[in-house]
Amino acid sequence: MAAFVGRATKQALLRTKPALFNQQATIVTFSSKTGKRLAWVLGSIAIGGGTVVATALAQPTFASDLVLHPPKYPWNHNGLLSALDHGSIRRGYQVYKQVCAACHSMKFMCYRNLVNVIMSEEEAKAEAEEALVEDGPNEAGEMFERPGKLSDHFPNPYKNEEQARAANNGAYPPDLTYIVLARHGGEDYIFSLLTGYADAPAGIKLMEGQHYNPYFPGGSIGMAMALYNEIIEYDDGTPATQSQLAKDVVTFLKWAGEPEHDTRKLYGLRAVIIFSFLLAVSYYMKRHKWSVLKSRKLAFKPPTYKK
Amino acid sequence: MSLANVSKTIYNAIFRRTSTFVLTCVVLAYPFERAFNTLTEQYFRQINKGKLYDDIKKKPEPEEEE
Numbered sequence: 001m002a003a004f005v006g007r008a009t010k011q012a013l014l015r016t017k018p019a020l021f022n023q024q025a026t027i028v029t030f031s032s033k034t035g036k037r038l039a040w041v042l043g044s045i046a047i048g049g050g051t052v053v054a055t056a057l058a059q060p061t062f063a064s065d066l067v068l069h070p071p072k073y074p075w076n077h078n079g080l081l082s083a084l085d086h087g088s089i090r091r092g093y094q095v096y097k098q099v100c101a102a103c104h105s106m107k108f109m110c111y112r113n114l115v116n117v118i119m120s121e122e123e124a125k126a127e128a129e130e131a132l133v134e135d136g137p138n139e140a141g142e143m144f145e146r147p148g149k150l151s152d153h154f155p156n157p158y159k160n161e162e163q164a165r166a167a168n169n170g171a172y173p174p175d176l177t178y179i180v181l182a183r184h185g186g187e188d189y190i191f192s193l194l195t196g197y198a199d200a201p202a203g204i205k206l207m208e209g210q211h212y213n214p215y216f217p218g219g220s221i222g223m224a225m226a227l228y229n230e231i232i233e234y235d236d237g238t239p240a241t242q243s244q245l246a247k248d249v250v251t252f253l254k255w256a257g258e259p260e261h262d263t264r265k266l267y268g269l270r271a272v273i274i275f276s277f278l279l280a281v282s283y284y285m286k287r288h289k290w291s292v293l294k295s296r297k298l299a300f301k302p303p304t305y306k307k
Numbered sequence: 001m002s003l004a005n006v007s008k009t010i011y012n013a014i015f016r017r018t019s020t021f022v023l024t025c026v027v028l029a030y031p032f033e034r035a036f037n038t039l040t041e042q043y044f045r046q047i048n049k050g051k052l053y054d055d056i057k058k059k060p061e062p063e064e065e066e
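For the record, the sequence lines run as chains Z and H.
Heads up, the first sequence is in the UniProt record's numbering, so the first residue is 1 and it goes up one at a time.
Heads up, the second sequence is in the UniProt record's numbering, so the first residue is 1 and it goes up one at a time.
With the rest of the complex left out, here is chain H (with noise of 0.2 Å):
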């Protein structure tokens, strides 16, 4: 199947119709937040290793000095 092809194949499931374009949106929206929230999330926590509150748990160690 060629790109084109791919294209027009979406274009006429998906976004041809408003019922179906707005029913993709909303089935979308779940899967994407849950990917996204826990993307950055571990992003976050990758730059932020060793300051929270999950790097302190049980073992609290001492780190950095001033």
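Looking at chain Z on its own, in the form it has when it is part of the complex (with noise of 0.2 Å):
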């Protein structure tokens, strides 16, 4: 098509020079041919605009678009070779465990994951211990508390759905184990929600126990703002400003989703040097192989015939 137009064109121009010193030569010239070529150049630019206009009209529009979409922040594991901050991550965990799970499980995480990535064994031990967890059942049949192990998973706000759901209004706060894969937006979504609540425009009515945040989908929330100035200690004596909290527990539900994270970067870099060594080997033996292909030379030799 760009060459059938740039064809046109240049026919037009062509044709319209001689205008200069003969106007009567282009009228002539101005054959049929061309006042064709421009209709068929006109009718083409009208049917591919229509197109676009009428693709882009049919889009339907779906009420989870009109939310406000977070801001990129400079996380400082983004990157290809960047790996999480795992004292972040440590003071996340100290936020989730103060703050977020007095209504948030986390069941597919175990107090073992945290070895040697935001604590000792030994400080995991301690870590465990610290929460009862019923087992069970014993000899005469019943379920018992006692102190958490490593193999344990983190334990449960409710023990179902319904209990949570019931003691939240309705609404049941989902679990955060793999919660930064599960949202749009990754931590940048978490982290504008935990700081982003404000009081509810003129014209939008909150129902009991529903609170304004922009970014969550459809404005209100079953959730109160969790985060506030100093609302923790952490242990490492960083200030605790609300978005400092953010920041960490977005950090450890990052590392809780993507466990493998730091792992899955560094042998990427390993297969980057391994696979362009291989490829740079693969292309050299192509060349290898082909070059008597490529340089032998077919001549035909019209047979002979005795007459």
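What the hints contain is simulated information worked out from the structure, not anything from laboratory work.
For glycine and all other residues, C-beta sits at the position ideal for the given N, C-alpha and C.
Any given hint could turn out to be false.
Stated by the list, open to error - Straight-line C-alpha distance at most 20 Å; calculated DMTMM-like pairs for lysine to aspartate or glutamate: (1) H:Lys57 with Z:Glu134; (2) H:Lys57 with Z:Glu122; (3) Z:Lys265 with H:Asp55; (4) H:Lys49 with Z:Glu230; (5) Z:Lys97 with Z:Glu208; (6) H:Lys57 with Z:Glu121; (7) H:Lys49 with Z:Glu134; (8) Z:Lys125 with H:Glu41; (9) H:Lys57 with Z:Glu123; (10) H:Lys57 with Z:Glu145; (11) Z:Lys289 with H:Glu33; (12) Z:Lys125 with H:Glu33; (13) H:Lys57 with Z:Asp236; (14) Z:Lys265 with H:Glu33; (15) Z:Lys107 with Z:Asp135.
As the list claims (entries may be wrong) - Sample of chain Z residues with no beta-carbon within 10 Å of chain H, all distances over it, derived: (16) Val52; (17) Gly87; (18) Ile118; (19) Asp135; (20) Gly170; (21) Gly196.
Two chains, each in its own frame: build the complex with the hints.
Written out as structure tokens, the structure reads:
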């Protein structure tokens, strides 16, 4: 199509040249052929533009589109080779344990997962022992509670989903283990949600027990703002501002969702090095093997017939 | 020993026969992987200094505020 347009315009330009000194000749040369081409070009543009507009108008609009999209934050684990900040994960675990764990479960995480990631084995054991875990049945057929072990999962704040809903005004606090992977926007979304609470704008009515958060689809969220400045005190003395708490807990949740994060990036580095070497070798081998075929010459010798 | 001589010796000793070639691959794979893994991990640790568990072990240190 571009070639056709080019050709048509070129010809039109060529034809207008004589007009400078002979108007009549131009009128004569503007034959029906050129007119047809012009019609074709204009027609194609109209049809193409119409198709674009029609496609754009036919796109459905979802209610979930009308939500405030979180900005992109410069997480310090962004990048091909950047590991997670384990100091931040450790602080984030503290935030989860002291704030989030009151309502949110992390049922796929075990205390053993913390070992050599944010704490030593002894620390993790002590951490596990703080929790009471239901175990059993014992000889009498009864369930009993015991201090947690490294192999135990994080304790659930509620016995089941129904109890969680009953305690939270019908809203179910989602399990947080894979939450960063489970939400559009990932870390940016969670961070924005945690720090983005605002007063409901005029015209928006919230039901009882609901709060306004522009980042939450629909705007009204069952969870109240959970993080405030100095709500907890960090082990390592980092000032516990709201955004610091949010950043740390999001880093912790990122690690919980992708515990293989650092290893994956290291293996990626190795794979890139090895495969680029192999690529170079295969390229060389291809050139080597094809050189015979590429440099050969075929000659046609017409057979000579005896007459 | 000239360069041509060296490559000739290597060719005769290793590449010429499939048996010696395969044996060389198998034998060299172990030290290569040890060295390669160590080097890449060292590099990874170097560019992520201060963020890994080994850096926060024992003495959790305050770092980078946002």
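Compare the distance between the alpha carbons of H:Lys57 and Z:Glu122 with 20 Å, and conclude whether the hinted pair is satisfied. 12 Å, holds
Checking one constraint from the list: CA of Z:Lys125 to CA of H:Glu33, max 20 Å. Satisfied? 35 Å, violated
Does Z:Glu134 sit within 20 Å of H:Lys49, going by the straight-line distance between their CA atoms? With a Cα-Cα distance of about 41 Å, the restraint between H:Lys49 and Z:Glu134 is violated, given a limit of 20 Å.
Just want to verify: Z:Gly87 was marked as not at the interface with chain H; is every Cβ pair farther apart than 10 Å? Non-interface label fails for Z:Gly87: nearest chain H Cβ at 5 Å, not farther than 10 Å.
Given the hinted pair Z:Lys125 and H:Glu41, is their Cα-Cα distance within 20 Å? 29 Å, violated
Just to be careful, I want the Cα atoms of H:Lys57 and Z:Asp236 compared with a cutoff of 20 Å; is the pair within it? 12 Å, holds
Decide if the proposed pair is consistent with the structure: H:Lys57 and Z:Glu134, CA atoms, cutoff 20 Å inclusive. 32 Å, violated
Outside-interface status for Z:Gly170 - nearest CB in chain H farther than 10 Å: Since the minimum Cβ distance to chain H is about 35 Å, Z:Gly170 lies beyond 10 Å and the statement holds.
Is the Cα-Cα distance between H:Lys57 and Z:Glu145 20 Å or less? It is violated: about 32 Å lies between the C-alpha atoms, which goes past 20 Å.
Would you assess whether Z:Ile118, listed as outside the interface, keeps its beta-carbon beyond 10 Å of every beta-carbon in chain H? 7 Å, violated
Is Z:Lys97 within 20 Å of Z:Glu208, Cα to Cα? With Cα atoms ~27 Å apart, Z:Lys97 and Z:Glu208 exceed 20 Å; violated.
Below or equal to 20 Å on CA atoms is what counts here, so check H:Lys57 against Z:Glu123. 11 Å, holds
When the structure is compared with the earlier hints, violations turn up for hints 1, 4, 5, 7, 8, 10, 11, 12, 17 and 18 and for no others.
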